[in-house]
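Each chain, letter by letter, is given below.
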Amino acid sequence: MLHEPAAKTEKDAASAWKAKLGIKLFWLYCIIYMGFVGIAVFSPETMKKPVLAGTNLAIVYGMALIIFAIILGLVYNHVCTKKEDELNGKAGEAK
Amino acid sequence: MNYVANPIAIAIFLTFVGFVLGMSFYYARKAKSAEGYFAAGGTIHWFVNGIAFAGDYLSAASFLGICGLIATMGYDGFLYSIGYLAGWIVALFVVAEPMKRLGKYTFTDALDAKFNSKGIQLMAAISTLAVSLFYLIPQMVGAGVLVTPLLGLPHWVGVIMVGAIVITIVATAGMTSTTYVQFLKGGLLIIFSTVISVMVLNKGLSTETRPETFVPRIIAASSVTTAATVEYHDQTFVKVVEDGLANWWIVEGDQLLEAQSKVVTASGETLYNGAPKADNKFKSVGHLTSLTDEEGNEITETGRVGIFKYFASIDRSEVVRYPKDNIAKFDDNGDHVKVFCPVVTKGSDLLVPGQKFKTKTPIGKLNFISLMLALFCGTASLPHILIRYYTVPSQRDARKSTIVAIASIGFFYVLTLFLGFGAMTLGVIDVESGNMSAPLLAKAFGIVLFSIISAIAFATVLGTVSGLIVAASGAVAHDLMDNYFAIKMTDTQKVKAGKLTAVVVGILAVGLGIAFKGMNVSFLVGWAFAVAASANLPSIIMLLFWPKTTAKGIAWSIGVGMVSALGIILTSPSMYAQYGLDKATALHTLDNPGIISIPLSFIVLIVASLMTQKDNEGLEYIG
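Chains C and D are the protein sequences, given in the same order. So the first sequence is numbered by full-length UniProt numbering: it starts at 1 and just counts up by one. So the second sequence is numbered by full-length UniProt numbering: it starts at 1 and just counts up by one.
One chain only, chain C, in its complex shape (with noise of 0.2 Å):
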């Protein structure tokens, strides 16, 4: 059969947590998002409003977005690789 992966995988408990947490997140940082362009398409205005140190909104939450995103990527991480230890046990790790 061709359709197996190049690295063999086994079987990862934390697989369907990690899965759900995943959707999560991504709806967190999807409404955040979809402020920005709210904002942007609808209250144009708003975004040259000055907010951090005399610079507007626009750049500071672009900026934040940007930033948000890398600390979630790291948050989800640390938040998995916990998860993936506790029930797979340490040598057993989702290959």
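Incorrect hints may have been included.
[Said to hold, decoys possible] Below, simulated BS3-like cross-link-like pairs (lysine-lysine); rule was C-alpha separation at most 30 Å, straight line:
no.: 1; chain 1: D; residue 1: Lys324; chain 2: C; residue 2: Lys49
no.: 2; chain 1: D; residue 1: Lys365; chain 2: C; residue 2: Lys49
no.: 3; chain 1: D; residue 1: Lys356; chain 2: C; residue 2: Lys48
no.: 4; chain 1: D; residue 1: Lys277; chain 2: D; residue 2: Lys365
no.: 5; chain 1: D; residue 1: Lys358; chain 2: C; residue 2: Lys49
no.: 6; chain 1: C; residue 1: Lys49; chain 2: D; residue 2: Lys309
no.: 7; chain 1: D; residue 1: Lys324; chain 2: C; residue 2: Lys48
no.: 8; chain 1: D; residue 1: Lys517; chain 2: D; residue 2: Lys277
no.: 9; chain 1: C; residue 1: Lys48; chain 2: D; residue 2: Lys346
no.: 10; chain 1: C; residue 1: Lys24; chain 2: D; residue 2: Lys548
[Claimed, not checked] Derived list of chain C stretches under chain D, where covered just means 3 residues or more per stretch with a C-beta under 8 Å from a C-beta of chain D:
no.: 11; region: 14-23
no.: 12; region: 28-37
no.: 13; region: 40-48
no.: 14; region: 56-63
no.: 15; region: 70-77
The hints are simulated quantities; they were obtained by calculation from the structure and are not laboratory data. Backbone N, C-alpha and C fix where the C-beta goes; we use that ideal spot for every residue, glycine too.
Assemble the complex: chain C is given as a structure, and chain D must be docked to it using the hints.
Frame of chain C; chain D shown alone:
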């Protein structure tokens, strides 16, 4: 602008390209098997893979396109940075681990893991080829754009050079060498972009201009004799001859404002501000006309500034720009005249969306939302990004590399603001092509930095093109020949077929790169995202999260998503302008297809799946 080749630039460039080729041959020995060729044997370290992800992703569109767009249009360019990065959230939280669990070499494998369906194999392979080709064109155009100032060579030479080098890389070593080239290039790009950004902040903002920058003069209309007068779109232009050189000025009441002009004379000669290009009369642009401090006092410079003070200062400044929609084109006695007109824009207007993407009208709002949707959904659907999930040994590694990628790409995207606004305010922009803004900004800080950054940018193109060609050759050799047509091949034959396809796709890309000269680099990339998001994302998401998804549902969704996105693009106002037709005669007013084609692809998948439920009997849900 007149570009003259510099020996240091050539030496640095050749050393870099030579090194990349050497690395490629070194890793060639690792590519003996099909797994080695298409997926680097699944052995790449997660950190290397993560930076290589960044290398793949930070293509010519990011480094040249986004920086160029910010430099010419302000914040609207940064929207691409935000959207491209947000797309990684979909990749990380929704797609990364399941894809790794399901796939083998290509994303078609992942989609087809449950069904082994001919329909999916065919449609997914076609969509991979279509998206790869769409993405290849701007990369090749970017290559041509780069070699002109760097080596003083014509556009087509650059395109052929990239084609030849990439074909050599891909045909010798496949995914392993591509990964290491991307790792090296991704890392260097981030390091040197940081260096330039720090230099921009150190320099701060100033109303004083460099001697190389064009500063338009304003004179009394009565002080000169005009040689010709032309009315164009509610503006009056006059030709003024000074020291034997004819240039065009804009009439503003009883004053004249100097512009820059490019004239192709009736005899075929091209004149820049009235002189041949080599005379250097045509200058780089972009400068501040006014700058105030926090108390509102006029100042000439800020000196060294921090991140927030930099933006706060731009907010209080006025910038002279030369936007593309402000270029006047008319004929004067058989001469084809192009006048690049200066516009003074408030800094505060450049730090918010609105210069390129107007959101005042309902269709403008729809276009904006559509673009942001396509960028958000596109990343997780790009075939050359998806294949990178198969180059690491485990799901955990796939996740870790995605996070390394997000962190490094995110960091770079924050830097695009400084690179873009730095180019805008330091007078380095080539009015004919904003694409070169970031490398030209480096040039303002010294020829060595310029050479290094240009060599990296060239390698960026090399790396991205290699990745795309591997993805395309995987689609043909593995998905089409091996799976769909069931041609019996040994491992060695499969690699040979992949390499042969790489050569053919490479030659095709060279042809397209030459044909599309002059097209905006980021222009097609946004569309490649839309096509990828419409064709691929609905099937990936639904396969993972909806147990009723059927093979026919996926095949129809890919087909309809791809055709509808392409159809909307090809009949859009922007494309009409590309055809040389009137924008107003376009079939519709939507420039970005995502908002129609992505939901449509989802709906088709659901309807087709519900109609073919009996196909799923006996199959196990794998989501």
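Consistency of the hints with the structure:
no., hint, verdict
1, D:Lys324 / C:Lys49, "holds, 28 Å"
2, D:Lys365 / C:Lys49, "holds, 21 Å"
3, D:Lys356 / C:Lys48, "holds, 16 Å"
4, D:Lys277 / D:Lys365, "violated, 42 Å"
5, D:Lys358 / C:Lys49, "holds, 19 Å"
6, C:Lys49 / D:Lys309, "holds, 15 Å"
7, D:Lys324 / C:Lys48, "holds, 24 Å"
8, D:Lys517 / D:Lys277, "holds, 19 Å"
9, C:Lys48 / D:Lys346, "holds, 12 Å"
10, C:Lys24 / D:Lys548, "holds, 22 Å"
11, 14-23, "holds (count 5)"
12, 28-37, "holds (count 5)"
13, 40-48, "holds (count 6)"
14, 56-63, "holds (count 5)"
15, 70-77, "holds (count 6)"
In terms of the numbered hints stated before, the structure departs from hint 4 and from no other.
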